[in-house]
Each structure stands twice: as C-alpha cells, then as structure tokens.
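With the hints as constraints, model all of the structure from the sequences given.
There are 2 protein chains.
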Amino acid sequence: MPQLKSTFLSREPLTSEEAKWKRLVKTNYIDPNGVKRDWESAERQTRPTDSPVDGVNIVAFLNKKNGSEILLEKQYRPPIDQVVIELPAGLIDAGETIEQTAVRELKEETGYIGVADKTTGIMYNDPGFCNANFNMVYVQVDMSLPENQNPKPDLEDNEFIECFTLPVSELSSQLQRLESEGYAIDARVGSIAEGIEIAKRLRL
Amino acid sequence: MPQLKSTFLSREPLTSEEAKWKRLVKTNYIDPNGVKRDWESAERQTRPTDSPVDGVNIVAFLNKKNGSEILLEKQYRPPIDQVVIELPAGLIDAGETIEQTAVRELKEETGYIGVADKTTGIMYNDPGFCNANFNMVYVQVDMSLPENQNPKPDLEDNEFIECFTLPVSELSSQLQRLESEGYAIDARVGSIAEGIEIAKRLRL
Chain A
5 MPQLKSTFLS REPLTSEEAK WKRLVKTNYI DPNGVKRDWE SAERQTRPTD
55 SPVDGVNIVA FLNKKNGSEI LLEKQYRPPI DQVVIELPAG LIDAGETIEQ
105 TAVRELKEET GYIGVADKTT GIMYNDPGFC NANFNMVYVQ VDMSLPENQN
155 PKPDLEDNEF IECFTLPVSE LSSQLQRLES EGYAIDARVG SIAEGIEIAK
205 RLRL
Chain B
5 MPQLKSTFLS REPLTSEEAK WKRLVKTNYI DPNGVKRDWE SAERQTRPTD
55 SPVDGVNIVA FLNKKNGSEI LLEKQYRPPI DQVVIELPAG LIDAGETIEQ
105 TAVRELKEET GYIGVADKTT GIMYNDPGFC NANFNMVYVQ VDMSLPENQN
155 PKPDLEDNEF IECFTLPVSE LSSQLQRLES EGYAIDARVG SIAEGIEIAK
205 RLRL
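Sequence order for the protein chains is A and B. When we follow the numbering used here, the leftmost residue of the first sequence carries the number 5, and every step to the right adds one. When we follow the numbering used here, the leftmost residue of the second sequence carries the number 5, and every step to the right adds one.
Calculated directly from the structure, the hints in this document are not laboratory data. A hint or two may mislead.
[Said to hold, decoys possible] A short list of chain A residues far from chain B (calculated; beta carbon distances all over 10 angstroms):
(1) Ala98
(2) Lys111
(3) Gln144
[Said to hold, decoys possible] Think about it this way: if two alpha-carbon atoms lie no more than 27 angstroms apart in a straight line, the pair counts; the simulated DSS-like pairs of lysine-lysine are:
(4) A:Lys40 to B:Lys78
(5) A:Lys30 to A:Lys40
(6) A:Lys204 to B:Lys68
(7) B:Lys122 to A:Lys204
(8) A:Lys78 to B:Lys40
(9) A:Lys24 to B:Lys30
(10) A:Lys9 to B:Lys40
(11) B:Lys24 to A:Lys30
(12) A:Lys9 to B:Lys30
(13) B:Lys78 to A:Lys30
(14) A:Lys24 to B:Lys40
(15) A:Lys122 to A:Lys78
(16) A:Lys156 to B:Lys40
(17) A:Lys111 to A:Lys9
(18) A:Lys156 to A:Lys68
Glycine residues also receive a C-beta, built at the ideal position from the N, C-alpha and C atoms.
Here you go:
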C-alpha cells in the first residue's frame, strides 16, 4: 500500500500575479430588476480554450463475480490537508473527447483498462463559487481480461493515489466508516451514495 | 413566476487586494517521498472561524399524496452565466448549528417550514481546487400544515430564485430535459440522480 499522507507545512495568501493554476475573476451583470451587480468567483487556468468542461469524474464498475464494485481512490488533497475518498478523475487535454479523457485517466490513475459506456450531461461543482465542471463518465472494467489482472498505475511524480473498491450496495455505510477513520469525502461520491440510499428507502 | 435571467456584461481578472468574498491561497507541504511542494487553491472568506464547514445543501422532500417530490431551485449563477438547477443551500452563520442553517435557509429561499431529520458527514465540492464543503441535511416538509399552504420566500435583494419540485423517481430524466432546455445542473443534484439510477439498475 503506497504512503499517502503528506505533511502540511503552512498556508499563505496567494496574489493573482503569483498564481499559475487558478485565478479569481469578477463577473459584471445586470440583475432581473435592472440593477448592475458584480460577483466574485474562482476558475482553473487549465481548461482548454475549445472545451466547455474542465474534466471528468469516472464511475468505474469492476464486474466481479460477487456483485458490482465501484472503484474509488484515496488521495491527499493539499487544499484541505486530508486524504480524500474520490472518484477517479482528471482534467481534459486539448483535442481529447470526454470519453478519451476518462479511459486515459482511469488507466493512468488506477491501471485498469475500461470501456466508456455512458456520459452524463455537464455538472457544476459549486456554481456560486467557481466555474469548475465535469462530465461523469461510466466505465466498465472487464476483470476477465488479461490486462486487468495486474493493473499498474502510471502516476506523475506529484501524484500519490491508492485505489480500492467498495460494494455499491454498501457505499453509504462504508463512506461513513471511512469518514470516522479520518478520511474526507468528495461530494460527488457522497451524493451518489445519498442517491442510492434515497432510491432504497423509496423502493424505486 | 419570477424573472431569473440576468444579463451578462463582462468578466475580468480580480486581484487579491480587491477580492472581498473569495481568496487564493498556497499550501506548502512535504509529499510522501519527502519532496517539498506547494499547491494553489481557492477559499470562501465567509466561513465562521469556529465552523468546519461553509454551509449546507438541503434535500427537502414534500410529502404529497402522489409520492415523494424533491424540492429544487432555479438560480442564475454569475460565475457560469447560466440558470442552475440546484438543491436549496446556504452558508452557515456564526453560532448556528448545521440543522438550524438548513431550516432557516429553506424557509428564506423557498418559504417552506420543515424539520431536519438527517445530517450527512461533511462533503467536499472539489478538494483539488478549493476547500468548499457542506453537510447535506434532509428536511421533511409536511404539506398538510397550514404554514406550508402558501409558502412565501424571504429573499435578499440580490437573490432571484424560483422553486419547483420533481418526482424523485424521475430525477435523472427530468434533469436531462432541463439541461436540454438550457439550464445548468449542479453536481450535488446530478450525482444524487446518478445514484438513484445506479440503485435502480442494480435493483438495490
């Protein structure tokens, strides 16, 4: 199991001139009553100019004999100084389709080779705060294939990711357990788990 | 029906000195290999110093005779210049509990008076980009109560919100319809809808 936890040293204000990856912007608009207003928000600087989205979040199912398991990641996230339970995810490269990004990022981050079989519409992470957005892509990983017997991630030297799986039917209770052990929960994973619980309770 | 659409005028870079509501920060840390690194991210300036979260997202069910309906909002969001389909949500005020925030914000934004009956763990919207986070709070709205017969929102003068409901069982297909009509979809709502579809497909 790879070592995941980094050591937090300090957090300091960042000026706009120093920032290379993120930026603050001000949007000027006229509200429905005709009043001129402005609104502060944050953006990634990395979105390709021809892309309407920053990247993908990947819902990858491993089709094992004992039922469907969802592939998740543990990753240290400096903005919150915690190891987070997340969906595999990544930013789109210029010229890629959404599905190509999903298959490439899944292979790089987890080693698994899968097939994209459904892409959702665009979702916005926190549209009052930032323009960050993504498509959710479902990827089926066929565990009977030789290339998925011994998956080898191809991580960048600043990436420290551990993959693991959870049974889809227990996602909510397993996330609660992980939170109690000190992990942080990404909102996409957490909201999927809530959707599953809502469907169970209403017997949909 | 209230007018929701604002008119976008312009978007411009914002310097750290000018920003009142958001900020950029740099986190310095030592990675698991002992390498010193830094990471840029964004934060809200509004989180109370004694609170571990920015706010709440509210899953409100209207208990009507014909089945459960989830209460949603349409709101213009300047960071993306679109009207977004969102959960009712709000930022925590100093001294409030999470559940108090949820009940207060639901009443202010929608007029409905409800009872908080479940609070999830903390969820992080996009933990590689920002520290923005929330608890998801379930609120039951009893539609047989006199105070819920004619709900009157109490919006601030820069808030333009329209509430509406969708049948929980049709959430995913209805969000697709709304996206095709030009609305943007918030990731919390969209991910709950995906969780419901996953549960249905796996017959959980």
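Verification of the supplied hints:
1. Ala98: holds (20 angstroms)
2. Lys111: The assertion about A:Lys111 holds, with a minimum of 19 angstroms to chain B.
3. Gln144: holds (12 angstroms)
4. A:Lys40 to B:Lys78: With a Cα-Cα distance of about 20 angstroms, the restraint between A:Lys40 and B:Lys78 holds, given a limit of 27 angstroms.
5. A:Lys30 to A:Lys40: This hinted pair holds, its Cα atoms lying about 13 angstroms apart.
6. A:Lys204 to B:Lys68: Distance ~19 angstroms between A:Lys204 and B:Lys68 Cα, so the pair holds.
7. B:Lys122 to A:Lys204: Distance of about 16 angstroms is within 27 angstroms: holds.
8. A:Lys78 to B:Lys40: holds (20 angstroms)
9. A:Lys24 to B:Lys30: holds (11 angstroms)
10. A:Lys9 to B:Lys40: holds (13 angstroms)
11. B:Lys24 to A:Lys30: Roughly 11 angstroms between the alpha carbons, so the hint for B:Lys24 and A:Lys30 holds.
12. A:Lys9 to B:Lys30: holds (18 angstroms)
13. B:Lys78 to A:Lys30: The given pair, whose Cα atoms are some 22 angstroms apart, holds under the 27 angstroms limit.
14. A:Lys24 to B:Lys40: holds (18 angstroms)
15. A:Lys122 to A:Lys78: Answer holds: A:Lys122 to A:Lys78 is near 24 angstroms, not above 27 angstroms.
16. A:Lys156 to B:Lys40: Answer holds: A:Lys156 to B:Lys40 is near 26 angstroms, not above 27 angstroms.
17. A:Lys111 to A:Lys9: It holds: about 23 angstroms lies between the C-alpha atoms, which stays within 27 angstroms.
18. A:Lys156 to A:Lys68: holds (19 angstroms)
Violated hints for the displayed structure: none, as all numbered hints are satisfied.
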